[in-house]
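As they're listed, the protein sequences go chains B and A.
Position one of the first sequence corresponds to residue -4 (the numbering used here), numbered consecutively onward.
Position one of the second sequence corresponds to residue 21 (the numbering used here), numbered consecutively onward.
Please note that a few of the clues may not be correct.
Stated by the list, open to error - Stretch by stretch, here's where chain B covers chain A in the computed footprint (C-beta under 8 angstroms, at least three residues): (1) 36 to 45; (2) 310 to 316; (3) 434 to 442; (4) 532 to 538; (5) 723 to 736; (6) 745 to 754.
Please keep in mind that the hints were generated in silico from the structure rather than gathered at the bench.
Glycine included, C-beta positions come from ideal geometry on N, C-alpha and C.
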Amino acid sequence: MPQVSLTVNGRRETVEVEGRTLLVELLRERLGLTGTHVGCDTSQCGACVVDVDGSSVKSCTMLAVQADGAAVTTIEGLAAADGTLHPMQEMFREHHALQCGFCTPGMVMSAIDLVARHPEGLSEAEIRHGLEGNLCRCTGYHNIVKAIAAAWQLMHGKAAAIAAE
Amino acid sequence: MNAPFEGIGASVRRKEDLRFLSGSGHYVDDINRPRQLHAVFRRSDRPHARIIAIDTAAAKAAPGVVAVYTAADLLNAAGAPIGGLPCGWQIHNKDGSPMAEPKHPVLAEGKVRHVGDPIAVVIAETRNQARDGAELIAIELKDLPAVATVADAIAPGAGSVHDDVTGNVCYDWHLGDADAVAAAFARAERVVTLELVNNRLIPNAMEPRAALGEYDPTTGDYTLYTTSQNPHVIRLLMGAFVLGLPEHRLRVVAPDVGGGFGSKIYHYAEEAIVTWAAGKLRRPVKWTADRTESFMSDAHGRDHRSTARLAIDKDGTFLALKVKTLCNMGAYLSTFAPCVPTYLYATLLAGVYRTPAIYAEVKAMFTNTVPVDAYRGAGRPEASFLLERLVDAVCHDTGLDRIAVRRRNFIPRSAFPYQTPVALQYDSGDYDATLNVCLKVADWAGFEARRRAAAAAGKLRGIGVSTYLEACGIAPSKVVGSLGARAGLYEVANVRIHPTGSVSVFTGAHSHGQGHETTFAQLVADQLGVPLAQIDIVHGDTAKIPFGMGTYGSRSLAVGGSAMVKAMDKVIAKGRKIAAHLLEASVADIEFKDGKFSVAGTDRGKTLAEVALAAYVPHNYPIEEIEPGLDETAFYDPANFTFPGGCHICEVEVDAETGEAKVVNFTAVDDVGRVINPMIVEGQVQGGIAQGIGQALLENAAYDRNGQLLSASFMDYTMPRAEDLPDLTVATENTLCTHNPLGSKGCGEVGAIGSPPAVINALVDALKEYGVRHLDMPATPEKIISVIHANRPRAAAE
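Next comes chain B alone, as it looks inside the complex (with noise of 0.2 angstroms):
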């Protein structure tokens, strides 16, 4: 059997897989980081999201194999080590932008993903836009897109402000 070597939330792992297994089944099944959670296999609706080498990625589109010498983040590995949440995190709860929690892990590696492409601003459209590969059922993305729109703020408004002085 193929085996995995990569960087899963700052740890190094070394696996044994199968040729077939999913980058997703690897974090859940082998590393038991079972906060990237699968809701499709169509590549559809993005509760797999995580971040691979800097880009987020659907976990259940990506064989564990081609993950060989990636750094990989997961939901797991977001908030600091004292446990102080990430912004997006912090953000998503403050504007109630989750209700049953499923596709949240996803939902915020994307939008993590994408306010960091964003650094010049992002409107609403653009962030409506942004979550085309993420599906919520319970929220009508009403509070997501609030909850982004404020993290953008957090991650990037300090330094757009002080760069426009």
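Fit chain A to the known structure of chain B by using the hints.
Relative to the frame of chain B, chain A by itself:
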């Protein structure tokens, strides 16, 4: 500094969020047990066929496969054979005879009746091995004529879904006074008729269903972890009717559940099989649906075809309503399916109006499709869509104003309690108030300017309103029993004050996104004066909770919360006796406020924690009069349904080039009774509206003529995405429920009930230049563009 207010009315941030946001949620598929096996089902890819032969030899010999079971194994099981899946509601026909109730086998027996019908299960060491094994089962089927729609099922000569059900009719039921309606029609100025389809939907909670069964041979105990909205109901149905297991040997755990919307109420075959197989194989057995399986095995929703006729006098006063509905049950009766198009639908046909005579006929049909059952709103969205489209059709045909006709026919606030002609008695409401606030917030008066601005930009803009009502807080046990329910519908709460004063509340309601751990904790904090952080809400485990009927029908606060209030009242009553003893005062003089028992008119008192400690360490205690401990349970059976309602206003813009309709403004003003957490209520309503807009414009469970499911993935079934929805304006304008201790009515379904007609009414308004009177849902670009092409604008034609 005062502690932040966290009682009734505060938008407290949710207690459950930290675990969901950090990846620490605990969903069924996250649970793994030592020596666990994996189950994969082989399902029918045909809508209707006789099973000629099933050869499992190759599957059984495949690597890692431990067992393969078919119906034959279940029927010949050692001990008792495995029963069919039970139906929890019996409807009677017009002639008083019971509905047809064919067996719903756990695995297909003799025939397959819908795409997705499970035929065999393969259990293996890994999920992939089970998948590989399932593909190796050779199944010989002989196709039979299939029926997918109610129209096909009722046609003469249609194939029979069940050999023992004549004409595919499950029941032929009616409600109301046919004679009174006929008399009113005879003297009416006008009768307005509308044919409507309420499109079939697939609930699609984001978490696919999953089940993990476990057996302990040393005790004979079974445990089932399952994605359920009502674990006690599953324990009862599966134990008593399917597996023949007594309740005390069966524990059902529904941990974090990733959305339900009705689809996780029902007892499904997979739960029974993993539990049974775990006992037989003496190893845990786990099954998790993939999304395609969800599409073809989760109960679907809606699927009505109706003719509605409203008799009016010349000023638009409603005289009588006559409704004929054909509804689709699918291939088998799901747990609560029969009550949805009857007692949750026809009883709502008065809506918010004083229509004096109503008669409804409902015929339920079996078809070769996935079973249909309650989906968010369940029957009530079908009723509100029919009524609110019909009211707009009245205005279309007569030229009367849409708001004026509604106002003219409203049940006035002074008329409550109001007895409708279709069995329900409404306790409270103020339909003028919700309408007036909604008109103002949505700026109805300023719409024509927005229409002109849109027209200048090349868009057709329309506005639509719906004023609706629903019945929830389900339900008085005696009443539903007389209507055919095979269960009581009370709720249970156990309030346990621990010796140091912290509180655990065990509730039979179940949270799968609703935020109960926060809302219920606020309720307890408010009543007992205990800080939120010291209150834990426990749900979803039959081993911990005395009993419960679960969460659906917007019942958790109105029924479950009322049970909590009742249990807390018992705690306080006992606490007063203990405090009286400790304070050497008379019980009558003890007051309880803000977490403290005090002697009236003095500053002498004992905190709840001090009283609790005395109850658990009863050294100085009235032991002859009362037992130690401070732990009370209450069952609350509601006196009536609750009746949330309100007004939704929608604005759409249509691109006449592409036929694409987009909701650009949406305003909802709902009456949900007393609100505990406004933030959570708004979230519930927003989510419901999203599903309602989805129904109106996007979603459709599509079958081809032969019963093949065409929309079996997220690539084919159009789920609302962020870009499909606008910013939503949501507010409440509440009257209190008069018959439960909280005054709460429920908020989980209002969004999905009020919104679809508002969207279609707006769309019909946008297309009025094209002579459009009605559009069926979902109003896809294809439907809209064909209407636009078929009807040149009147203005252009003139």
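Status of the hints after comparison with the structure:
no., hint, result
1, 36 to 45, "holds (count 10)"
2, 310 to 316, "holds (count 3)"
3, 434 to 442, "violated (count 0)"
4, 532 to 538, "holds (count 4)"
5, 723 to 736, "holds (count 3)"
6, 745 to 754, "holds (count 3)"
Violated hint for the displayed structure: number 3, the only one.
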